[in-house]
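Protein chains: 4
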Amino acid sequence: MKVPTTQVRVLYVDTDQMGVVNNVHYLRYFELGRAEWIRQRGKSYKRIEEEGYRLPVVEAHLRYRESARYDDILSLEVEVEDVRAATVQFKYAIRRAADGALLCEGYTKHACLGADNKLRRFPDDLLVMLRPDT
Amino acid sequence: MKVPTTQVRVLYVDTDQMGVVNNVHYLRYFELGRAEWIRQRGKSYKRIEEEGYRLPVVEAHLRYRESARYDDILSLEVEVEDVRAATVQFKYAIRRAADGALLCEGYTKHACLGADNKLRRFPDDLLVMLRPDT
Amino acid sequence: MKVPTTQVRVLYVDTDQMGVVNNVHYLRYFELGRAEWIRQRGKSYKRIEEEGYRLPVVEAHLRYRESARYDDILSLEVEVEDVRAATVQFKYAIRRAADGALLCEGYTKHACLGADNKLRRFPDDLLVMLRPDT
Amino acid sequence: MKVPTTQVRVLYVDTDQMGVVNNVHYLRYFELGRAEWIRQRGKSYKRIEEEGYRLPVVEAHLRYRESARYDDILSLEVEVEDVRAATVQFKYAIRRAADGALLCEGYTKHACLGADNKLRRFPDDLLVMLRPDT
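Chains as they are written, first to last, in this note's numbering: chain A, 807 to 940; chain B, 807 to 940; chain C, 807 to 940; chain D, 807 to 940.
Next up, chain A with everything else stripped away, as it sits in the complex:
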């Protein structure tokens, strides 16, 4: 098991009447993990936007393994799986911090857009930053 990128505690509002975290909210956890991964590489997504780039999600995939429950601490593991000239794919594993059980895994694929909303090659510093861990 990897060192988690960040952790988050499950709120009541994110549970549903099955008594578990509703499937919708995992994409929210993905965003949180991704933002912290980027920050830990020395830049914030906010800064990326200020520099004129945006990385909207163009594809997402989630596999729900076990349920997260109210008040659980979730460990978010994030890495870059693949980076191309103008797209990047992040990979996620969400674990229950208490025992490391895998709750959800998946990926999101992002396009790099300029301020004009057109596809753009990543600028060099982003390309270096997004290079997959080896």
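Hints in this document: simulated from the structure, not taken from any laboratory.
Among the clues, some could well be false.
Identical copies go unnamed one by one, so any copy, or any two together, can satisfy a pair.
Subject to a maximum C-alpha distance of 30 Å in a straight line, what follows is the list of computed DSS-like cross-link-like pairs (lysine-lysine) [claimed, not checked]: (1) K852 / K808; (2) K924 / K849; (3) K897 / K924; (4) K849 / K897; (5) K808 / K897; (6) K915 / K849; (7) K852 / K924.
Since the structure of chain A is already known, use the hints to place chains B, C and D on it.
Chains B, C and D in isolation, oriented as in the chain A frame:
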């Protein structure tokens, strides 16, 4: 009981592990009701924004009476309580459509801002539109 | 283009600062479409739960094509792609009602669980109901 | 300014097309602050539920002062304003951590219910725990 401004059905994602709609989501229903009230007066909030005005919520109050449950149809009753030169207060009652039971009531107060984010008097057409029912 | 299963209007709260519907909320639209598809087959998901079955999402995939914007009416097209003894896969297409443009497509896969949280074969009436359109 | 009960960073999904945190989400921050306040007094809300009590929100009030923006760190200040035999009122101030600016303040009032959903006096340990700071 009034004719509802609009209706909405409770989704699973809006329930929590108490088996009822979580308190957070009622502000979402307020937005839905308010948007439809405005539309029924002949203008959309989208159009108001396009004309350079914005009506952010500056205050909100909610009183939760009974629980809404999954798959319930909710009737949203909306009216304007008070309109001033640059503020307007909407009032809401959310009822279970099946039996008319009052589930939640409250209000939101909005400021009228211009594109520069400064307080603005309502333009005449908005002022007429927002005049409380008598 | 198919007859949509249902339609929904984009709320302000579902937009983000890119000025479009945030990627997270499409799983919410999937739930809405799925619930209405089931209802139109003569049963509600609520009723399925009351009869002791639950169909949690075990996998989800989303491909974001174009942006949905505030106040857009979205057409939700839903169908069953595949049904097995104890799993079912729904397929979705979300279109802008105004021009039919495809905004998002994807699928969700569901397991059939009993009240004991164990995998169960679909009861006969559900199996018939979920049979893919031909 | 008080020591904040906890802090949280604004996610992209919580902004709206005005470029600020949407009004709905502050009730979510209230829940987060309240949960951490309770935990810091030596008990979790999860534990309270396990002991057979529930504290649903019966009233909420929010006053929005300034806007929170993407990636802002928010400081959540929470205290108990008033506790009676079977109700408790929490008070909140949400500040931008960077400069202490007050963004939102408000309160939530909660009823104490037993497992049977009936109003219950707080058990002694909860009553002591909820006693307002003096």
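Verification of the hints:
Taking the closest pair of Cα atoms, K852 and K808 come within 30 Å of each other both inside a single copy (26 Å) and across two copies (28 Å). When the C-alpha separation of K924 and K849 is checked against a cutoff of 30 Å, the pair qualifies only within one copy, where the shortest distance is 22 Å, while the shortest distance between copies is 33 Å. Both within a single protomer and between protomers do K897 and K924 lie at most 30 Å apart by alpha-carbon distance, with minima of 25 Å and 29 Å respectively. For the homomeric pair K849 and K897, the shortest alpha-carbon distance inside one copy (19 Å) is at most 30 Å, but the shortest distance between copies (35 Å) is not.
In the homo-oligomer, the alpha carbons of K808 and K897 lie at most 30 Å apart inside one protomer (13 Å), although the nearest pairing across protomers, at 34 Å, exceeds that limit. With identical chains, the CA atoms of K915 and K849 are at most 30 Å apart within one copy only, with a shortest distance of 19 Å there and 36 Å across copies. Both within a single protomer and between protomers do K852 and K924 lie at most 30 Å apart by alpha-carbon distance, with minima of 19 Å and 25 Å respectively.
In summary, this structure violates none of the numbered hints.
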